[in-house]
Amino acid sequence: MKKILTTGIAAALLGVTAMPATVLADDATPQQGGDITVTFSNDVATLDPAIGYDWQNWSMIKSLFEGLMAYKPGTTELEPNLAEGYKISDDGKAYTFTLRDGIKFSNGRAITADDVKYSLDRVVNPKTQSPGASFFSTIVGYDDVTAGKATGLSGVKVIDPRTVEIDLSQPDAAFLQKMALNFAFVVPKEAVEQWGADFGHHPVGSGAFEMKAWDVGQKLVFVRNPDYWQKGLPHLDQITFEFGQAPIVALLRLQRGEIDIAGDGIPPAKFLEVMKDPNTKKNIVEGEQLQTGYITLNTTMKPFDNVKVRQAVNMAVNKDRIIQIINGRATPANQPLPPLMPGYNKDIKGYAFDTAAAKKLLADAGYPDGFSTELYVYNTDPNPRIAQAIQQDLSQIGIKAAIKSLDQANVIAAGGSDAGVPMIWSGGMAWIADYPDPSDFYWPILSCDGAVSGGWNWAKFCDKALDAEAKKADAMVAPDQQDARNKMWGEIYAKVVDQAPWVPVFNEKHYTIRSDRMAGPDNLYADPINIPVNYNNIWVNNVH
569 MKKILTTGIA AALLGVTAMP ATVLADDATP QQGGDITVTF SNDVATLDPA IGYDWQNWSM
629 IKSLFEGLMA YKPGTTELEP NLAEGYKISD DGKAYTFTLR DGIKFSNGRA ITADDVKYSL
689 DRVVNPKTQS PGASFFSTIV GYDDVTAGKA TGLSGVKVID PRTVEIDLSQ PDAAFLQKMA
749 LNFAFVVPKE AVEQWGADFG HHPVGSGAFE MKAWDVGQKL VFVRNPDYWQ KGLPHLDQIT
809 FEFGQAPIVA LLRLQRGEID IAGDGIPPAK FLEVMKDPNT KKNIVEGEQL QTGYITLNTT
869 MKPFDNVKVR QAVNMAVNKD RIIQIINGRA TPANQPLPPL MPGYNKDIKG YAFDTAAAKK
929 LLADAGYPDG FSTELYVYNT DPNPRIAQAI QQDLSQIGIK AAIKSLDQAN VIAAGGSDAG
989 VPMIWSGGMA WIADYPDPSD FYWPILSCDG AVSGGWNWAK FCDKALDAEA KKADAMVAPD
1049 QQDARNKMWG EIYAKVVDQA PWVPVFNEKH YTIRSDRMAG PDNLYADPIN IPVNYNNIWV
1109 NNVH
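Basically the numbering used here = 1-based index in the sequence shown + 568.
Certain hints may be false.
EDC-like, lysine to aspartate or glutamate: derived pairs with alpha carbons at most 16 Å apart [as the list claims (entries may be wrong)]: (1) K870 / E942; (2) K672 / E652; (3) K914 / D1066; (4) K1077 / E854.
The set of hints was computed from the structure by calculation and includes no laboratory data.
All chains should be modelled from the sequences, with the hints used to inform the complete structure.
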């Protein structure tokens, strides 16, 4: 695959690699063929790349669809994908991509530059209600499309069937990374129009796999795409995702050799036991991840529209006790950015756990006796137990929080609804980095553009002055500006912390447990981009 030359402005636009770029070992010899079974407690809501945006369907979508750019397996290193190459203008505001020859959708139709334009137009169209629309706000014509004044991005131009030019309103330091997001994945117009809103249950893409069957609530089956352009991939013939499996049951089935990957990970109650058993420990992959677990506080809903209330809640939560619930598999968070991310501000101290100070601040805000509210949580362990710990902490300052434990899709839908809900514990759903750049922890989950119907800014936090600062930071693309850019992002997050739309709780490590027969380098099972597993590149030993 053609590599990108990381020199000049192109190097700056690639961003900073936040994790080791581990590559496949020279002695790793993939085997072709074989079927595997992966379990999850809940079904996925959609496989539409313009809509799907949670850790569970993330790597599934990346196995069915592709974009112009991608990351080398198991790394944060960008490279062209459906594009064989690209050019960037001297001012950093125009990108010209050349598509590979002979690439096809799984329905057999050749992919053209028109499909690229259609896919980008579709994702920013408000009718699509894509939670990723704001990623493309720097493309010329974005404001007109989102305002309903135009149906397509004027900045996306089809030059010829294999060439597309994308013009930006300002330089965007993370633009190439955004073109590797699922929201920029290419879809066929005819299939989208055929299925309409149900395209997410009838996906047609150009990825290594294609969907064979989906029994809603029970199982989802992917099979090898015989027309996939990357020769030799995927290695597997079939993946069956089984739903309705409690994590504890999935672990027992994996130990008996009945399944191959426990998708929900290791149940916290079994973690120490599994780690101490040499028969299971050898099949566990531990990886660092760019992740922050947090509680959202709906800044448009009383009483969380009062910054003192939000700050009091921050002081009331005992983060160390929550980390004990997950067997110490995390470190306390003091800001939205995780420590490994460029732009992480070491000067931010956050809010210390101080019940007395929280009570006083709540009284100063006009709530000396506290109030009643609701805390939404994803219903898979350990998240309900974490919610109970939060509930107990809040009760110490007079806040009575009723827990609403729902499946993942319903929590996400509630948070993204127009009014939203008072509080959400994000665990099991958000936020793991889409790409290793500080802007990724701002635009979708803290910006005004993210506080929309279907969006992931569940705090409904909107500070237009901060948005303007964030745009200035993203326009700093020259190599000699990157230190200043990271410093500016750190200052932006310091201001976010002051306004307290979140309670940042912890930065979690990632653990994947696999069966004895699963093979491939560890970094494919703790992929920093294809969370949680890079299905395209793993294989099984002794297939036949």
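Hints, verified against the model:
{"no.": "1", "hint": "K870 / E942", "in the structure": "holds, 12 Å"}
{"no.": "2", "hint": "K672 / E652", "in the structure": "holds, 14 Å"}
{"no.": "3", "hint": "K914 / D1066", "in the structure": "holds, 15 Å"}
{"no.": "4", "hint": "K1077 / E854", "in the structure": "holds, 7 Å"}
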